[in-house]
Amino acid sequence: MAGPRPELEAWQDPTAAPLVEINGVTKTFGSHYAVDDVSLTIFPGEFFSLLGASGCGKSTLLRVLAGFERPDKGRVLIGGEDVTDLPPYRRPVNMMFQSYALFPHLTVADNVAFGLRQERIPRGEIRQRVEDMLKLVRLNEFARRKPDQLSGGQRQRVALARSLVKHPKLLLLDEPLGALDRKLREHTQFELVNIQERLGITFIMVTHDQEEAMTMSTRMAVMNEGRIRQIGTPSEIYEFPSNRFVAGFIGAVNQFEGRVVEQQDDLLLVHVDDSEGDAAELRVRSSQAVAPGTPVVVAVRPEKVRIGTTEPPAGDNRLHGRIEEIAYLGDVSIYHVRVPDGSLIEAQLTNRARRAAAPLTWGDEAWLGWNSEDAVALLE
Amino acid sequence: MPSPSLNKVLQRARRGLRQHLTPGRGAVASLPLLWLGLFFGLPFLIIARISLSEVVIGLPPYSALVDLAESGMLQVRLNFANFLLLWEDNLYLDAFANSVHVASVSTLICLLIGYPMALGITRVRESLRVPLLMLVILPFWTSFLIRVYAWIGILKGNGLISNVLMSLGLIDEPLHLLHTEFAVYLGIVYAYLPFMVLPLYATLSRMDNALLEAAADLGCRPLCAFWRVTVPLSLPGIIAGSLLVFVPAVGEFVIPDLLGGPDTLMIGKVLWTEFFNNRDWPVAASVAVALLALLVAPVLLFERFRERGQSE
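Chains as they are written, first to last, in this note's numbering: chain Z, 1 to 380; chain E, 1 to 312.
Only chain E is shown next, with the shape it has when bound in the complex (with noise of 0.2 Å):
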């Protein structure tokens, strides 16, 4: 049974959809928002929490926000001290200037491969684009995990990579590809550029081939109708495969973990230490909020612009 006020936000809830959208609409409209209410809005309210209060030995390893004191008195307790941790300790700060650091470029290194690769999809013939895309989707089949313990193997030191260019007598003594920044950035080039290509050929394969025509018609060559027409047009692609990719990446804990050295300073992998090794849930919890609160910015960017682009 919900309590009473929760049934009198929901009402309210129900009203202001209402007004903007019709009953079977808005019944259609409830259950995405319900499903984010429920696994992510709740979710991200504990960890904002968690984030508020104090590390205590026990379970849970964190303090009450309310409690009774001695007095008799109900008292709230937020605790910003983690917050003031992340500011003034630089491990915090590096991390997060390194995570968008290597995003930036993986995401960089992610479009200009995963952009010939969309726009190349789009210009071959009709039969061969569904086994094409097949193929960017086709890793998806396989446990992210896996693929990515697949790299140690690819890239130890008397692994694929090193035996083969042993074997052919171009090195005479093992690579040392793991556990580099290298070896960070390409896991996330492999892991990302599948949405770094869908959205881009979702754009790419919607644009009017009549476009380039008149642009070579008026006297554009290809590659000035690339960067006139088709760079403009797919800019919506670019913009959202950008996020997809940067995003996750920023975030990213298992890649750094397993590929990256002990020195690859990632936020995720800070956020993982914290929870897990230093049980510290209160520091870890606030790692997060920051996190998002850096990831949403971006987003916000994005939807103002695609709404000024509509307005306009």
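Chain Z on its own, in the form it takes in the complex (with noise of 0.2 Å):
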């Protein structure tokens, strides 16, 4: 979905000077730590995207850069200006709230002036500009409407074209997807990217939403418990989570814990715990020099789990189980094996080649096999 970007991203170019600067930020609410010790940059131009269960702290976090929420401590920079005493109304940012918090008295045209008349701007520029943003948003034949004749999808563009007519530095979207229906919401995803790739305006969105974190952002961060459990570009968080909790929460996987026996170059051996044979022996990539001994989770994602009647060779990590279930989504099916040790593992084909393969049917015996690539080593 995200247009061709330079080679060298912002984040990977030292030289590049951040537009948002969050260091240290924690924020209570009693004796719960809403954001607990939270530090992140942002660079000019990205969608970034913070992703967690909701409690998890993300829109609090947005709430302290708009200036909604005081941090207890931390500090928070927007184009190297220290802007953690500045009220909201101070802030060179906008935001797109949840509830789209539209001006029920104004008509749609008035809705989105509103920040502009702030300003002593002319008349006729405030009006060319309210027009041009209508017109992104495709309502310009709804300027005199009031929000309670709009549809939920139109709302949504008003509250949009009223936070960016400001032409802020930075938008901050809280869940602006999270009222529209599946449909229209996968329609406007697409919308609000190329919305922002036009306007060049860094957006910092908040969602609960997986899969609309990663089809939209350039980078996100994943959030629990107040804390960032990790940061990078979807796929690096789909492809190399880097502990448990990401790995779980971001699709689904197949976990084995274990402990490492030896390592060979960038392999680590795993032994995992209360099996044995094929089942005990993981070989898994990790470029980090790891003890033997450390406790370790082998993560592998269901649709790199092979799933066939030949054994694979061994070495290999293989597993040989009994078909249980198997869920037929559309494009693609999932199998649930259940393996000697008694856990359920998940291999994913698609249907293409499900048909392709020999078939496999409930009740069957199979071997599942995946390569050492292809997992990751959780060593938290």
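Think of the hints as simulated: they come from the structure by calculation, not from any bench. Be aware that one or more of the hints could be misleading.
Chain E is faced by these chain Z residues, among others (derived, beta-carbon under 10 Å) [unchecked claim]:
#1 67
#2 70
#3 74
#4 106
#5 166
#6 231
Note that the Cβ used here is the ideal one computed from N, Cα and C, for glycine as well.
Make the complex out of the two chains shown on their own, each in a separate frame, by following the hints.
In structure tokens, the structure reads:
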């Protein structure tokens, strides 16, 4: 979905100037740590997502950026300027609210013009900018309507137009697509990314929907219990989760708990707890040096697990088990295979491949296998 | 037993209701209509009828509208002289004007005091809101008359205020607060303030706090957000509260009578004097009818304003 991007991304370039710097921000409500020592750097032009379950602190962090919450500790810098103590109305930031927060007593055009009327901008220019913005979100025919005469999708676009019309350096979006139905949401994802790229405004979006975060963001931060658990591009986070929480939160994953037996170059040999034979010995790639005896979780995505009737050669990562369930999801099928130690392993096969391969069905014995480089070792 | 013609009217009313409402809803709607008809419509008709009669000495102290003349003709006599008197005698017009003036100023003062109160109650933490609202309602638990009498004790020459100020040495002679215009304003504002605070609180507490955040986010300082968001959105509460204060304040009798001076001219007092001192029921009734017309006008205006707001 994202367009072509330069070779070196801003977050990899040590000379790039960040737009937003969050340094050790902590925000408590009573004894509850809503945001716990969070540091984050976001660069101009990024579409950055804060992803997490409800109550993980992502919205509080967004409200700290907007100026609605004052952090107990830490500083927030926007464009190099310390804004920690600035009230919302003096920040170069605009926010699109989850509830949209449209002014019910004003028309669509007046809602969009609200922020401009503050700034002693000539009337003609205000009218022009409102018109341009309404055109951008394809609402110019609805300028005279009141918010309660619009559909949910139209209200969402008014909220977007209102938050963009002042050309903020940074736009904060709090679950911008949360109130839309599925079909409209997918369409709007596309539209939002388009608008972001066209205007070149940096977006920070809060969402609980991992798919949304993955498809829209340049980078994302996965949050849990007030802390950032991992920051990276969607593919980094999906392919190389750095801890069990992230691996489990993003997509489905098979996890094997065990201990490192030995390390051969970049390959770890892992003994899986409470299991014997083939299942007990797994190989997983790791770039870090890990001492033998270290507890480790081997994580492998279902779509990386091969399933078949032919036995993979010994020495591969392989498991033998019985198919308990097959879930047909249209484009793919998910096999739930019970292995000797009693756990259920998920393997995913595209239905095109399923038809081509030997037909496997409920109750069949099957072999599971995967490449060592397709699994990750989680040391946390 | 209702007369046949009344039956017909009721039937027609019922049919009209049924066109708009389902039977169950019709029954629900007819109850308040019945109540209004019985306790508002009927008394008003009686008053309107008296206002068109002439004063006589006897019981009742007004003439019949319909009588049998000596010639054997049935004659209906409508006497509009009472209404003409209201127009011609400056006393009534002055009393009307002064009542409207006093009620308007009182309403404005109630709004200026009540708005910050209502806004304050919405801003305190949740556990404090109900106790504060209770404090607003609490005066209703004492009789209105007793509360007004209490003000006499506070305001009179050797009353609470004068005594406290004198013992502090701030004044040498007792203050003449009672029986002044000031005392009337004080009494009306005191008595009707809850009617302003409650509807204001109702609208303000419904307001989404995110709207104020959105205003701040768009560059609005708190005072600007108040004028551009809070006030326009609380307009229904402002209008409802103002009507609830203004309408009874115009016709107020007890407060100007007890706290006001002999020169405090208010229509409620005039009405009382006509009814009980002069025993001129027809003139008193015509004052009441005129007062009602005066008070219904702003309510109708409000309704029209609201309908327009909804249809827009």
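These are the hints, each one checked on the structure:
no.: 1; hint: 67; in the structure: holds (8 Å)
no.: 2; hint: 70; in the structure: violated (13 Å)
no.: 3; hint: 74; in the structure: violated (21 Å)
no.: 4; hint: 106; in the structure: holds (8 Å)
no.: 5; hint: 166; in the structure: holds (7 Å)
no.: 6; hint: 231; in the structure: violated (26 Å)
When held up to the earlier numbered hints, the structure conflicts with 2, 3 and 6 and fits the remainder.
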